[in-house]
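S.K.: Each chain is listed here by its residues.
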Amino acid sequence: MNRIFKSLIRIFSFPQKELAEILRQPRLILTLVLGPFLIILLFGLGYPDEGRSLRTTFVVNEQNPLAAQVEEFAKDLGPAIIYQGIKNDQEVALASLALSQTDMVVVVPDDPVAKIQNNEQAQFLIYHNEVDPFQIAYIRSVGNLYTSELNRRVLASLTKEGQESVSGLNENLSELNAVSSSVLVSPFSSEFHGLSEVQYTPVGFLSPAVIVLLLQHLSVTISALSIVREQRSGIMELFKVAPLKPLEALISKYLSYILFNALVAAVLSALVVWGIGVPMLGNWINYALVLLILLFTSLGAGFAISLISETEIQAVQYAMLLLLASIFFSGFFLDLRLLWEPMKAVAWSLPATYGIRMLQDVMLRGYPIPLLVFQGILAIGIVLFLINFFLLRKKMG
Amino acid sequence: METSPLLVTRVMGIVNKIPLKRLQMKAQKDRDFELPKIIETKNLTKSFGDGDEVAVNSIDLYVPEGSIFGLIGPSGCGKTTTVRLMTGVYQPTEGEISVFGKRPAEFSTSDREKIGYLIQQFVMYPDLSVWENLNFAASFYGVSIFRNKRLNKLLDFVELSEHKNKISRFLSGGMNRRLSLAATLVHNPELLFLDEPTAGIDPILRVKFWDYFRQLQAEGHTLVVTTQYVGEAEYCDLVGVMYAGRVLTVNTPEELRRKAFGGEIVHIVTSERIEYIHRVHLEKLPFVKGNVAIINDNEIKVFVDDADSAIPQLIESCQEEGLDVQTIEKQIPSFDDVFVRIIEERGNHE
Chain A
30 MNRIFKSLIR IFSFPQKELA EILRQPRLIL TLVLGPFLII LLFGLGYPDE
80 GRSLRTTFVV NEQNPLAAQV EEFAKDLGPA IIYQGIKNDQ EVALASLALS
130 QTDMVVVVPD DPVAKIQNNE QAQFLIYHNE VDPFQIAYIR SVGNLYTSEL
180 NRRVLASLTK EGQESVSGLN ENLSELNAVS SSVLVSPFSS EFHGLSEVQY
230 TPVGFLSPAV IVLLLQHLSV TISALSIVRE QRSGIMELFK VAPLKPLEAL
280 ISKYLSYILF NALVAAVLSA LVVWGIGVPM LGNWINYALV LLILLFTSLG
330 AGFAISLISE TEIQAVQYAM LLLLASIFFS GFFLDLRLLW EPMKAVAWSL
380 PATYGIRMLQ DVMLRGYPIP LLVFQGILAI GIVLFLINFF LLRKKMG
Chain B
1001 METSPLLVTR VMGIVNKIPL KRLQMKAQKD RDFELPKIIE TKNLTKSFGD
1051 GDEVAVNSID LYVPEGSIFG LIGPSGCGKT TTVRLMTGVY QPTEGEISVF
1101 GKRPAEFSTS DREKIGYLIQ QFVMYPDLSV WENLNFAASF YGVSIFRNKR
1151 LNKLLDFVEL SEHKNKISRF LSGGMNRRLS LAATLVHNPE LLFLDEPTAG
1201 IDPILRVKFW DYFRQLQAEG HTLVVTTQYV GEAEYCDLVG VMYAGRVLTV
1251 NTPEELRRKA FGGEIVHIVT SERIEYIHRV HLEKLPFVKG NVAIINDNEI
1301 KVFVDDADSA IPQLIESCQE EGLDVQTIEK QIPSFDDVFV RIIEERGNHE
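Sequence order for the protein chains is A and B.
Position one of the first sequence corresponds to residue 30 (the working numbering), numbered consecutively onward.
Position one of the second sequence corresponds to residue 1001 (the working numbering), numbered consecutively onward.
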């Protein structure tokens, strides 16, 4: 019994010490708790809830029959296009594009009617000066939208003219005459509905991912520095001689950082939900479970880094690499479904991938924790714990 | 912290009195050495790299239970490596080592609870207060949660009670050393390894540390203390003199002195000039060992087996030679001299 008590005393030796060390650094606490919240807040303030507006210049010949309609069509597309006027000279328009004075140059085809009559498509040339593939895709999509709208209007106009010319020729056409030309041209339309009744802003959608990423990074960094620092200071030598067992030391360290990081997670979550107003549709117990398993696994990754690092700088570098990998491969930045299949293995080796998937389900959809994903992160956490135990046992002799 | 010359003089006065006190305790110590050996090494060797960097070379020694064993030698001579071998931080490359009757690699938790280890550098947490550091040390040694009384007592001893809430990074070097010592004693260990406990601290505190080590010894603790202050050999029951990875000799401080100079030293000052013929006469005396050492025209050093019995006979011999003895006294050489002598002798042998 005495032995068990002594072991318990040893296990609880670190939480008190770690907490005292952290609390002694008010700036660190401020950074840890308020820092992530401020990042989400700034992101919310800075990220608009709509697509980018493209400053657009049109190049149209004065004799072109579409010249009068270009501006009207452009304005009908809403905020996607900011109409910057018409230029006659294409070179001048392209020069202003190169100087970033405009985002898109639309060259309207000369004599479109003649081309259509010749059974040819009248082609709009759209110029941009983007290098970002996502922005190029966005410009393509806006351009296609503009062309489709133009096609629809031309067709509607032609159909209306046709309807007027054939009226009274055939009774069978009377029903057709009753149908509006715009319905005839676009008989089908679509309306989108999500299963969730809540409409998320980009901030709302990204919040669970940001929470996961920040908590993973905090856990990894704080634990990555922990053992390597003790090794460098020389206290590890004392641990080697002391009755403290590697398993006790490891459990003690996990315990101390889980307690502290859980506190940070609780404050951060409260600020996000009640401060920014991000909806929380799921169960709070599930939410807490997701964060706990995320902390456990992330700490495991951090301790592993700490045990293989020779210096604190090396540990910080490894932690930064893990953060970078998490940004690109966890689904935070790019949808996982877009990843090349073999790369998905990289994605699913990161705690953040599991955390984001689970927290999005719990928080945004109100679902229970996806069991398979939970089992996956738990397995990684346990494997990391075992690896850390063997590495620490080796270090403590 | 600056120490005034007057203060140093007083402290050194106290230090110089200690050998006499210890000589009186010799009989007690002889009995102590019949106690069981708590540490024993045979041909203990530790090398690093590919084996070409030998830090500790074929050490044979033993530490009797309840003694203060000093490992003395210059920086880099292998003292810390020897302690690390004894505590189990390092595994020997060759030879055997036994602590509490077993190899350090086989230490159980309860064996480790009996060991206190003071590391050479300050390894406590600089952002924690004195109390928090001590409390943490008590925790990882598994000391009962009702430990406040003991911690306060230790802080009283190391005179840090007034500074218990001070953050360690703001303590002086000496205070940090005292805190480390308190942390080492927090679980009341049976066997203490103190690696350079007095390095970099002022003479007053050094004396205090040694006073406390003796208190610990009196309570039944065994202490292995390393130091590069050769003079501190005075405080030990047994001294292992280390040099270049080897233990040159292990003995009591008195025997070390005796062996280093081939006996005890008698210092003679006369009114007349001491001639060659006088010296030859003295060297022929049966109790005089080796040659008489000349200090100057009127001063010599004579090496004898037992100074106390030799002094009356030396006075008589001098008078026979027509020398008027002004002063004659037993000289106790400093351990710095003893150490240098032992190193030189080893050099001559090799």
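Worth flagging that the hints you see were computed from the coordinates, not collected in a lab.
Check the hints yourself; a few may be wrong.
Once the Cα atoms are required to be at most 20 angstroms apart in a straight line, the calculated EDC-like pairs of lysine to aspartate or glutamate come out as [said to hold, decoys possible]:
#  : chain 1 : residue 1 : chain 2 : residue 2
1  : A       : 144       : A       : 178
2  : A       : 269       : B       : 1111
3  : B       : 1289      : B       : 1344
4  : A       : 423       : B       : 1106
5  : B       : 1284      : B       : 1320
6  : A       : 274       : B       : 1113
7  : B       : 1284      : B       : 1254
8  : B       : 1037      : B       : 1127
9  : B       : 1166      : A       : 50
10 : B       : 1330      : B       : 1344
11 : B       : 1037      : B       : 1219
12 : B       : 1102      : B       : 1113
13 : B       : 1164      : A       : 50
14 : B       : 1301      : B       : 1316
15 : A       : 269       : B       : 1190
16 : A       : 269       : B       : 1316
17 : A       : 274       : B       : 1111
18 : A       : 424       : A       : 341
19 : B       : 1301      : B       : 1329
20 : A       : 104       : A       : 50
21 : A       : 274       : B       : 1106
22 : B       : 1114      : B       : 1094
23 : A       : 269       : B       : 1162
24 : B       : 1259      : B       : 1324
25 : B       : 1153      : B       : 1190
26 : A       : 35        : B       : 1111
27 : A       : 116       : A       : 149
28 : B       : 1114      : B       : 1162
29 : A       : 424       : B       : 1106
30 : A       : 35        : B       : 1190
31 : B       : 1301      : B       : 1324
32 : B       : 1284      : B       : 1308
33 : B       : 1149      : B       : 1094
34 : B       : 1037      : B       : 1065
35 : A       : 424       : A       : 259
36 : A       : 35        : B       : 1113
37 : B       : 1042      : B       : 1094
38 : B       : 1289      : B       : 1308
S.K.: With reference to the structure, classify each hint as holding or not holding.
M.R.: We went through each hint and held it up to the structure:
1. Between residue 144 (chain A) and residue 178 (chain A) the alpha-carbon distance is near 19 angstroms, which keeps this suggested pair within the 20 angstroms criterion.
2. A distance of roughly 13 angstroms separates the Cα atoms of residue 269 (chain A) and residue 1111 (chain B); the hinted pair therefore holds under the 20 angstroms criterion.
3. Simply put, residue 1289 (chain B) and residue 1344 (chain B) have alpha-carbon atoms about 19 angstroms apart, close enough for the 20 angstroms limit, and the pair holds.
4. With a C-alpha separation of about 15 angstroms, the suggested pairing of residue 423 (chain A) with residue 1106 (chain B) holds against the 20 angstroms cut-off.
5. Distance hint between residue 1284 (chain B) and residue 1320 (chain B) is fulfilled; the C-alpha atoms sit about 14 angstroms from each other, no more than 20 angstroms.
6. With a C-alpha separation of about 12 angstroms, the suggested pair residue 274 (chain A) and residue 1113 (chain B) falls inside the 20 angstroms cut-off, and the hint holds.
7. Proposed proximity of residue 1284 (chain B) and residue 1254 (chain B) is contradicted: the alpha carbons are some 26 angstroms apart, above 20 angstroms.
8. For the proposed pair residue 1037 (chain B) and residue 1127 (chain B), the alpha carbon gap of about 41 angstroms is over 20 angstroms, so the pair is violated.
9. Taking the CA atoms of residue 1166 (chain B) and residue 50 (chain A), the gap is about 13 angstroms. The hint holds against a cut of 20 angstroms.
10. At most 20 angstroms may separate the alpha-carbon atoms for a hinted pair to count; residue 1330 (chain B) and residue 1344 (chain B) exceed this at roughly 23 angstroms.
11. Distance restraint check for residue 1037 (chain B) and residue 1219 (chain B): the Cα-Cα separation of roughly 17 angstroms lies within the 20 angstroms cut-off, and the hinted pair is therefore satisfied.
12. A hinted pair counts as satisfied when its Cα atoms are at most 20 angstroms apart, and residue 1102 (chain B) with residue 1113 (chain B) qualifies at roughly 15 angstroms.
13. For the hint pairing residue 1164 (chain B) with residue 50 (chain A), the CA-to-CA distance comes to about 16 angstroms; that is within 20 angstroms, so the pair holds.
14. In summary, the hint linking residue 1301 (chain B) to residue 1316 (chain B) is supported, as the alpha carbons are separated by about 16 angstroms, within the 20 angstroms threshold.
15. Restraint check for residue 269 (chain A) and residue 1190 (chain B): the C-alpha separation of about 17 angstroms stays at or below 20 angstroms, so the hint holds.
16. Restraint check: the Cα-Cα separation between residue 269 (chain A) and residue 1316 (chain B) comes to about 63 angstroms, which exceeds 20 angstroms; the hinted pair is violated.
17. For the proposed pair residue 274 (chain A) and residue 1111 (chain B), the alpha carbon gap of about 13 angstroms is at most 20 angstroms, so the pair holds.
18. Distance check on the hinted pair: residue 424 (chain A) and residue 341 (chain A) sit about 16 angstroms apart at the alpha-carbon level, within 20 angstroms; holds.
19. Distance hint between residue 1301 (chain B) and residue 1329 (chain B) is fulfilled; the C-alpha atoms sit about 10 angstroms from each other, no more than 20 angstroms.
20. With a C-alpha separation of about 60 angstroms, the suggested pair residue 104 (chain A) and residue 50 (chain A) falls outside the 20 angstroms cut-off, and the hint is violated.
21. At roughly 13 angstroms between alpha-carbon atoms, residue 274 (chain A) and residue 1106 (chain B) fall within 20 angstroms of each other, so this suggested pair holds.
22. Between residue 1114 (chain B) and residue 1094 (chain B), the direct Cα distance comes to roughly 26 angstroms. Violation of the 20 angstroms bound is thereby established for this hinted pair.
23. For a cut-off of 20 angstroms, the pair hint linking residue 269 (chain A) to residue 1162 (chain B) is broken: about 31 angstroms separates their Cα positions.
24. Between the alpha carbons of residue 1259 (chain B) and residue 1324 (chain B) the distance comes to roughly 30 angstroms, so the proposed pair goes past 20 angstroms and is violated.
25. For a cut-off of 20 angstroms, the pair hint linking residue 1153 (chain B) to residue 1190 (chain B) stands: about 18 angstroms separates their Cα positions.
26. A distance of roughly 14 angstroms separates the Cα atoms of residue 35 (chain A) and residue 1111 (chain B); the hinted pair therefore holds under the 20 angstroms criterion.
27. Only pairs whose Cα atoms come within 20 angstroms are accepted, and residue 116 (chain A) paired with residue 149 (chain A) is rejected, the gap being roughly 25 angstroms.
28. With a C-alpha separation of about 29 angstroms, the suggested pairing of residue 1114 (chain B) with residue 1162 (chain B) is violated against the 20 angstroms cut-off.
29. For the given pair, residue 424 (chain A) sits about 16 angstroms from residue 1106 (chain B) by alpha-carbon distance, which is consistent with the 20 angstroms threshold.
30. Between residue 35 (chain A) and residue 1190 (chain B) the alpha-carbon distance is near 18 angstroms, which keeps this suggested pair within the 20 angstroms criterion.
31. Using a Cα cut-off of 20 angstroms, the hinted pair residue 1301 (chain B) and residue 1324 (chain B) holds, with the two alpha carbons roughly 16 angstroms apart.
32. Distance check on the hinted pair: residue 1284 (chain B) and residue 1308 (chain B) sit about 19 angstroms apart at the alpha-carbon level, within 20 angstroms; holds.
33. Simply put, residue 1149 (chain B) and residue 1094 (chain B) have alpha-carbon atoms about 45 angstroms apart, too far for the 20 angstroms limit, and the pair is violated.
34. Between residue 1037 (chain B) and residue 1065 (chain B) the CA atoms are separated by roughly 6 angstroms; this keeps the pair inside 20 angstroms, and the hint holds.
35. Restraint check: the Cα-Cα separation between residue 424 (chain A) and residue 259 (chain A) comes to about 11 angstroms, which is no more than 20 angstroms; the hinted pair holds.
36. A distance of roughly 10 angstroms separates the Cα atoms of residue 35 (chain A) and residue 1113 (chain B); the hinted pair therefore holds under the 20 angstroms criterion.
37. About 9 angstroms separates the Cα atoms of residue 1042 (chain B) and residue 1094 (chain B), which keeps this hinted pair within 20 angstroms; it holds.
38. Among the hinted pairs, residue 1289 (chain B) with residue 1308 (chain B) is consistent with the structure: their alpha-carbon atoms are about 15 angstroms apart, no more than 20 angstroms.
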